[in-house]
Amino acid sequence: MSNIDEKPANTPLEGTTWEVELKQVGFVRRLLMARRWYGADWWFVTISAVAVLIFIIIAIFPQWFAPYSPDALAGPRFVAPGATVELSFLVVPADSSVNKLQDLAVPEGTDQASVAVVQGLPTSGDLNDAAQKIDEIIKNQPAGLRLRPIIDRYVTLDEALQSVMAGTDKAAVVQSTDLAAIKASYPTLREAGSLSGQVAGNYILGTNDIGQDVLSRLLWGTRIALIIGFSSSILSLVLGVPLGLIAGFVGGTFDRLLSLLMDSLYAFPGLILAIAITAVLGPSILNIILAIAVLYIPTYYRIVRGQTLSVKEEVYVEAAKSIGARRLEILTRYIFPNVIPSVAIIFSVNVADAILTGAGLSFLGLGLPPTIADWGIDLARGQRFIQTAWWMITFPGLAILLVVLSFTLMGEGLTEIFNPKLRDR
Amino acid sequence: MSDDILYSIRNLTVEYKTRAGAVRAVDNVSLDIRRGEILGLVGESGCGKSTFGKALMRLHDGPASITGGELWFDGRDLMKLPITEMPNIRGAEIGMVFQDPMTSLNPVQRILDHLTETILTHEPGTSEADARKRAEELVERLGIRRERIMEYPHQMSGGMRQRVMISLALALRAKLVIADEPTTSLDVIVEAKFLDLLKELQKEFGLTILLITHNIGVVAEVADRVAVMYAAKMAEVGSVQRVFADPKHPYTQGLLKSVPNIKLDEGELYKMGGEPPSLLHPPVGCRFHPRCPFAMDICSEQEPAFEPVAGDQSASCWLYQKAGVQRVAENQDVHNG
Numbered sequence: 001m002s003n004i005d006e007k008p009a010n011t012p013l014e015g016t017t018w019e020v021e022l023k024q025v026g027f028v029r030r031l032l033m034a035r036r037w038y039g040a041d042w043w044f045v046t047i048s049a050v051a052v053l054i055f056i057i058i059a060i061f062p063q064w065f066a067p068y069s070p071d072a073l074a075g076p077r078f079v080a081p082g083a084t085v086e087l088s089f090l091v092v093p094a095d096s097s098v099n100k101l102q103d104l105a106v107p108e109g110t111d112q113a114s115v116a117v118v119q120g121l122p123t124s125g126d127l128n129d130a131a132q133k134i135d136e137i138i139k140n141q142p143a144g145l146r147l148r149p150i151i152d153r154y155v156t157l158d159e160a161l162q163s164v165m166a167g168t169d170k171a172a173v174v175q176s177t178d179l180a181a182i183k184a185s186y187p188t189l190r191e192a193g194s195l196s197g198q199v200a201g202n203y204i205l206g207t208n209d210i211g212q213d214v215l216s217r218l219l220w221g222t223r224i225a226l227i228i229g230f231s232s233s234i235l236s237l238v239l240g241v242p243l244g245l246i247a248g249f250v251g252g253t254f255d256r257l258l259s260l261l262m263d264s265l266y267a268f269p270g271l272i273l274a275i276a277i278t279a280v281l282g283p284s285i286l287n288i289i290l291a292i293a294v295l296y297i298p299t300y301y302r303i304v305r306g307q308t309l310s311v312k313e314e315v316y317v318e319a320a321k322s323i324g325a326r327r328l329e330i331l332t333r334y335i336f337p338n339v340i341p342s343v344a345i346i347f348s349v350n351v352a353d354a355i356l357t358g359a360g361l362s363f364l365g366l367g368l369p370p371t372i373a374d375w376g377i378d379l380a381r382g383q384r385f386i387q388t389a390w391w392m393i394t395f396p397g398l399a400i401l402l403v404v405l406s407f408t409l410m411g412e413g414l415t416e417i418f419n420p421k422l423r424d425r
Numbered sequence: 001m002s003d004d005i006l007y008s009i010r011n012l013t014v015e016y017k018t019r020a021g022a023v024r025a026v027d028n029v030s031l032d033i034r035r036g037e038i039l040g041l042v043g044e045s046g047c048g049k050s051t052f053g054k055a056l057m058r059l060h061d062g063p064a065s066i067t068g069g070e071l072w073f074d075g076r077d078l079m080k081l082p083i084t085e086m087p088n089i090r091g092a093e094i095g096m097v098f099q100d101p102m103t104s105l106n107p108v109q110r111i112l113d114h115l116t117e118t119i120l121t122h123e124p125g126t127s128e129a130d131a132r133k134r135a136e137e138l139v140e141r142l143g144i145r146r147e148r149i150m151e152y153p154h155q156m157s158g159g160m161r162q163r164v165m166i167s168l169a170l171a172l173r174a175k176l177v178i179a180d181e182p183t184t185s186l187d188v189i190v191e192a193k194f195l196d197l198l199k200e201l202q203k204e205f206g207l208t209i210l211l212i213t214h215n216i217g218v219v220a221e222v223a224d225r226v227a228v229m230y231a232a233k234m235a236e237v238g239s240v241q242r243v244f245a246d247p248k249h250p251y252t253q254g255l256l257k258s259v260p261n262i263k264l265d266e267g268e269l270y271k272m273g274g275e276p277p278s279l280l281h282p283p284v285g286c287r288f289h290p291r292c293p294f295a296m297d298i299c300s301e302q303e304p305a306f307e308p309v310a311g312d313q314s315a316s317c318w319l320y321q322k323a324g325v326q327r328v329a330e331n332q333d334v335h336n337g
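In order, the protein sequences belong to chains A and B.
For the record, in the first sequence the residue sitting at position 275 is 275 according to this note's numbering, with numbers rising by one throughout.
For the record, in the second sequence the residue sitting at position 298 is 298 according to this note's numbering, with numbers rising by one throughout.
Hints are computed from structural coordinates only; laboratory data are not their basis.
Because the structure is a prediction, the values reported are computed rather than measured.
Cβ atoms here follow ideal geometry from the backbone N, Cα and C, with glycine treated the same way.
There may be inaccurate statements among the hints.
From the structure, some residues in chain A lie toward chain B, with a derived Cβ separation under 7 Å [what the hints assert, rightly or not]:
1) K321
2) G324
3) Y334
Model the full assembly from the supplied sequences, consistent with the hints where possible.
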């Protein structure tokens, strides 16, 4: 099966055939054959095991890494990854008592405060919106205050700020990007908060269509993905392994019937069966786990049954009988420990598969309630805005890819290492 | 039943069910195993000796089953016991050593666990510490260092594993040990040591050993008596000295002549003609007659009975029975001449 064993017809260098051959193949082939040719199994396993460990830590403590709560409307909608958010900030003289926009309100009938803005910037619009919102609230209160600031427009930022220093205007509204420069050149002025009360956030992976932080949802989504992956795999292991053991050991009609049932389950395309089960049970995390567990029971069953059939013919099982071991003892102390290594390996691959199926179900809207931070749900939401906000669908997709890849690589690598039959070197 | 006979097998028949029909791998075989002896059971591959050995513990399942006979072990007919009680006998009273020491120990259990499991299974009252102590003493007696008891089978050599297998049988002072080709996969030096050990143990513990082998040399070395099987039937039984000095059954004679010997010149080694018969359709009459140099008419018509022929030597051959007596004289001339 391996290419290294086949010698080309006319190789001058006997003995170092594989080295010659190695020079003839392309980079991609070398990469693909790395496991076998360079003995890269351990690297595959180590790297993927570290990745798996990181994902597990994130899943247990997402709050350590996520800057926002997954449900919080953390900022403006559709902020692209890495883009700085433009917020309008109020700037007042350092000795002013004004600390937020509302402090500019005056009693009904008296002159409204004038506020400086720069022409052509969105700041005047922001000011209008924010003032109107506050006015709506305070005008019905007993204090009888109103907030309808007079907007003075200047051509340059310096003019606007100088008018504030001169006292012509009570305050100025500037963009958050200018704040640092203002602080440096106008020490007598200070910033008095943003108009909307929001903090200028840093959204590494952007925000989604309702202003939630994509990164935070991604990190919290790890938890759901791993819960689904692990619980459903453990559940199918707990059910599939004993069934396979007993069927393989007992044999006969019980084995036939159970194998028939398992084979018919196996015959269904995975996702379709899971869809059918969740459609009947309804969306909840427990039902997803149940549906996926049912899906993978036959995998464990078949592998364990096959192994049991071969192990029970081993001489040491007969030797166990000859020293008076009873059937249960043979099953638990002789067959089970010899069967379990192959189960441990497929478990890892199985977790990856279960995560994929879980995300698939959520994507189709059959999985979880949409309030939960889940990659599948985020994918489905992102799909609607794929032309305007590519980051919404890309990052959850990449996260699924990475998790599945690291679990699969770990499982496959372990198989290569621990199963001497698959290893041909 | 005399008291010095430990295991009396009467008319044992074991059949394998195959698609082509039932195959009798052991056909109507009777044998007495005496207390404290080493009985060698020899025969060609496929003659039914291993099947016979397993049947003594009623270990068969699947296609094989014991279809007839009595197994009088220490005053009890094991065939009359319910099969669910056999685990009490196995290990405790009859132990077994298998051919391939590489595969006959559980690869995921320590040597200690093998031994304590055996002890605790049969003597549930024993404490773990006691069982461990007994296991350690036993292993040490068999020449394996005490510390190595915590090792796994793959860390031991073939000879050591075979000694561990013996210790499993000795752990509960089994009266009978069935050793099924125990030295086949060992090299000659380890084999010699193992056989010495077997003899020592037999004397020390008063062990009875049924040594199943195809190696005549091994039998000559250690056995007290020898039983020769041919095509699912018992051909000849007798003391090693008598049988080797004066084999009665023509098959035994052929077998002994076929043993390679360094004194023989090239081409001198005797090759028995013909092939062992198919057990699916065994020859009518004596099963050896198609290959027998002394075959008579009666041999292909009637089966000879298994009877004493001289002293404690028994054989199933017409040469020594009424109808064949006439030929004995001539035959012996041929044989000696």
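Could you work out which earlier hints the structure fails to respect and list their numbers in ascending sequence? Hints that this structure does not satisfy do not exist here, as all of them hold.
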